[in-house]
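Asker: Listed here are the chains, written in short residue letters.
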Amino acid sequence: MSSAFSVLRQPLVEGDRTVAQVTSDIAAPLERRAGLMWWATFTAAFSMLMLGMIAITYQVATGIGTWGLNRTVGWAFDITNFVFWIGIGHAGTAISAFLFLLRQRWRTSISRAAEAMTIFAVMCAGIFPLIHMGRPWFAYWVLPYPNTRGPLWVNFRSPLLWDVFAISTYFTISACFWYLGLVPDLAALRDRFALWAKTGSLGVRIRYRIYSILSLGWNGSAKTWNGYESLYLLMAGLATPLVVSVHSIVSFDFATSILPGWHTTIFPPYFVAGALFSGFGMVLTLMLIARKVVHMENYITRGHIDAMCKIVIATGGMVAFAYITEIFIAWQSGNLYERFAFANRAFGPFGWAYRIMVFCNVFAPQLLWIRKIRNNLLAVFILSIFVNIGMWFERFVIIVTSLHRDFLPSSWAHYTPSLVEIATLIGSFGLFFTAFLLFCRVLPMICISEVKGVLNYGRRNGEH
Amino acid sequence: MSRQLFIAAFKHEDDLLHAVADLRQAGYVFKDAYTPYPVHGLPEAMGIRPSRLPWVCFLCGLTGGLLALIGQYYLSAVEWPINVGGKPWNSSPAFIPITFELTVLSAGLGSLAAFLWRYKLIPGRQPPVLETGANDDQFVLAIPEHNATFNPQELKLICNRHHAIRTEQRIEPDGQAQSIPAQQRGAA
Numbered sequence: 005m006s007s008a009f010s011v012l013r014q015p016l017v018e019g020d021r022t023v024a025q026v027t028s029d030i031a032a033p034l035e036r037r038a039g040l041m042w043w044a045t046f047t048a049a050f051s052m053l054m055l056g057m058i059a060i061t062y063q064v065a066t067g068i069g070t071w072g073l074n075r076t077v078g079w080a081f082d083i084t085n086f087v088f089w090i091g092i093g094h095a096g097t098a099i100s101a102f103l104f105l106l107r108q109r110w111r112t113s114i115s116r117a118a119e120a121m122t123i124f125a126v127m128c129a130g131i132f133p134l135i136h137m138g139r140p141w142f143a144y145w146v147l148p149y150p151n152t153r154g155p156l157w158v159n160f161r162s163p164l165l166w167d168v169f170a171i172s173t174y175f176t177i178s179a180c181f182w183y184l185g186l187v188p189d190l191a192a193l194r195d196r197f198a199l200w201a202k203t204g205s206l207g208v209r210i211r212y213r214i215y216s217i218l219s220l221g222w223n224g225s226a227k228t229w230n231g232y233e234s235l236y237l238l239m240a241g242l243a244t245p246l247v248v249s250v251h252s253i254v255s256f257d258f259a260t261s262i263l264p265g266w267h268t269t270i271f272p273p274y275f276v277a278g279a280l281f282s283g284f285g286m287v288l289t290l291m292l293i294a295r296k297v298v299h300m301e302n303y304i305t306r307g308h309i310d311a312m313c314k315i316v317i318a319t320g321g322m323v324a325f326a327y328i329t330e331i332f333i334a335w336q337s338g339n340l341y342e343r344f345a346f347a348n349r350a351f352g353p354f355g356w357a358y359r360i361m362v363f364c365n366v367f368a369p370q371l372l373w374i375r376k377i378r379n380n381l382l383a384v385f386i387l388s389i390f391v392n393i394g395m396w397f398e399r400f401v402i403i404v405t406s407l408h409r410d411f412l413p414s415s416w417a418h419y420t421p422s423l424v425e426i427a428t429l430i431g432s433f434g435l436f437f438t439a440f441l442l443f444c445r446v447l448p449m450i451c452i453s454e455v456k457g458v459l460n461y462g463r464r465n466g467e468h
Numbered sequence: 181m182s183r184q185l186f187i188a189a190f191k192h193e194d195d196l197l198h199a200v201a202d203l204r205q206a207g208y209v210f211k212d213a214y215t216p217y218p219v220h221g222l223p224e225a226m227g228i229r230p231s232r233l234p235w236v237c238f239l240c241g242l243t244g245g246l247l248a249l250i251g252q253y254y255l256s257a258v259e260w261p262i263n264v265g266g267k268p269w270n271s272s273p274a275f276i277p278i279t280f281e282l283t284v285l286s287a288g289l290g291s292l293a294a295f296l297w298r299y300k301l302i303p304g305r306q307p308p309v310l311e312t313g314a315n316d317d318q319f320v321l322a323i324p325e326h327n328a329t330f331n332p333q334e335l336k337l338i339c340n341r342h343h344a345i346r347t348e349q350r351i352e353p354d355g356q357a358q359s360i361p362a363q364q365r366g367a368a
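First to last, the protein sequences are chains A and B. Residue 5 is where the first sequence starts when you use our numbering, and the numbers rise one by one after that. Residue 181 is where the second sequence starts when you use our numbering, and the numbers rise one by one after that.
By construction, these hints were calculated from the structure, which means they are not laboratory data. Source: prediction; values computed, not measured. Please note that the accuracy of each hint is not assured.
[What the hints assert, rightly or not] Result set (EDC-like, lysine to aspartate or glutamate): computed pairs, CA atoms no more than 20 angstroms apart in a straight line:
1) A/Lys227 to B/Glu325
2) B/Lys191 to A/Asp310
3) A/Lys296 to A/Glu18
4) A/Lys296 to A/Asp29
5) B/Lys300 to A/Glu233
6) A/Lys376 to A/Asp310
7) B/Lys300 to B/Asp202
8) A/Lys376 to A/Asp29
9) A/Lys227 to B/Glu224
10) A/Lys376 to A/Glu301
11) A/Lys202 to A/Asp29
12) B/Lys336 to B/Glu325
Based on the provided sequences and hints, a complete structural model is requested.
Answerer: Pasting the structure below:
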């Protein structure tokens, strides 16, 4: 971008696309064979997933004694990964719901992929509490259902139970919201595949059948669109407080305990800001890869990357503010244990993790203030990876450093992750990327109907 | 009973909107319009009533929330009270998170179900498609024969004035329009 500014806004979609071109551009990756890049990334992701599957099979068969946990550090990698993945998911809902309510029209090109990211991230997150139960086949015991044990009901006062409701509601509503947005696009695909349904290969015919079934008989009727728009607004309005509640409830897992370092009232807003920060970091990572792999540069433009970088700066600022507040309150409380917990965080045996966290979350994103860096996609990509790493370490620091040295020095302990835990973490990344890559191949990764709406092509702009 | 149906396709949403405004002034009513994306101002121009889904959403949310609150109270305080850390049987503040989640869940699922039911969106249903192009790049208007004022010549004139790319007359059997096979669309 030159130093001279145009008074006109940058177009949301580049390359002067017509309405029909939008359909064919976005459907193109679904209609051609997968490229070498896709197969290479898919092979890597799927291998990671298989590694994770082996690890999970082994630990479920043997027991969670295969982890590095001990009596003092009872939560570590598992819950760190859980909170990390839930946080990643939050950016998807933020893009699809928050930005929709705020009428940020640039969201249209990235909302579909970001919502898909949410769903896959919540799936990854769900694995960890499940395997942490040790006997995952009894997972349904966390639900209140009439049982033969009394019936003995679950404890509705427990934040862990709130988690069950929050995460399952979040997953359900996100999936419904995502599917609702997909219906018009599935109809567009159905109509495209209808052209080849008679003469095409078996694969094409099967896909035509699937698109026909899933598009629910959509025909673009103005009456249906009227209801659709109303429902979309309602779903966005429901998803917005929902996403805030989900990470608040996750933070209650910690905040309602009496452990120094966890027992703070700042946790809910701090967790929500951190979730958005890490989520936008992951959206940037994914979008920068995806726009190259499936050639969507006209749709996911530098303007989108720029806008997301600004959100990263803003949410990163909130996270930094929360770090400072925590330290100040620990000092100002005058409580010996509280002060010790924070001194131990920064300078104790896990001080290295704290310093990685502060460097990645507070200092590195400040580079994004510079326009030149925001325009350099490689630099943005590297910084987004920093954010991902930093936010993973934030959860690790909160969980492990608070637990490993609490009130009683005789019970202090150290924690080292076992290979099984590391393999499970790698496996969760494998699941995430495998699911995302498959999504790019079978569903339109950009919302076709919404992009058409922001194109301005359908309007004549005072031509006559 | 079969009746006539007049179809006009446009390339731009503005043309559709202007044609709708003129036709409405001329006293026509509309069967429906088919567009690739929601056109702003079209429901108002066509005289489509605002959706009542917000009411469904509100009532579903209210029901879900109340049931969650009452259910938690009943299970924790009446059915089998358990002393957890000396907290009261009816720990209503602690019941709020789940109440909130179930409010959102039932409001979301309820309004989605109402939407699908109201607009007859059923998995695998064959769309009563008038124009497959409407999911791609055409803005199609359908006007049924409704009374003596129905005049195809006048309709054609008005639509052509607004740059209609195609107009045609069809017979609508049993109130359901015939669908145009997708293969013919390319020629249009």
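Asker: Each hint: holds or not?
Answerer: How the hints compare with the structure:
1. A/Lys227 to B/Glu325: holds (19 angstroms)
2. B/Lys191 to A/Asp310: violated (33 angstroms)
3. A/Lys296 to A/Glu18: holds (15 angstroms)
4. A/Lys296 to A/Asp29: Cα-Cα ~14 angstroms, so holds.
5. B/Lys300 to A/Glu233: holds (16 angstroms)
6. A/Lys376 to A/Asp310: holds (10 angstroms)
7. B/Lys300 to B/Asp202: Given that 20 angstroms is the threshold and the Cα spacing comes to 30 angstroms, the pair is violated.
8. A/Lys376 to A/Asp29: violated (30 angstroms)
9. A/Lys227 to B/Glu224: Holds, at about 11 angstroms.
10. A/Lys376 to A/Glu301: holds (19 angstroms)
11. A/Lys202 to A/Asp29: violated (23 angstroms)
12. B/Lys336 to B/Glu325: holds (14 angstroms)
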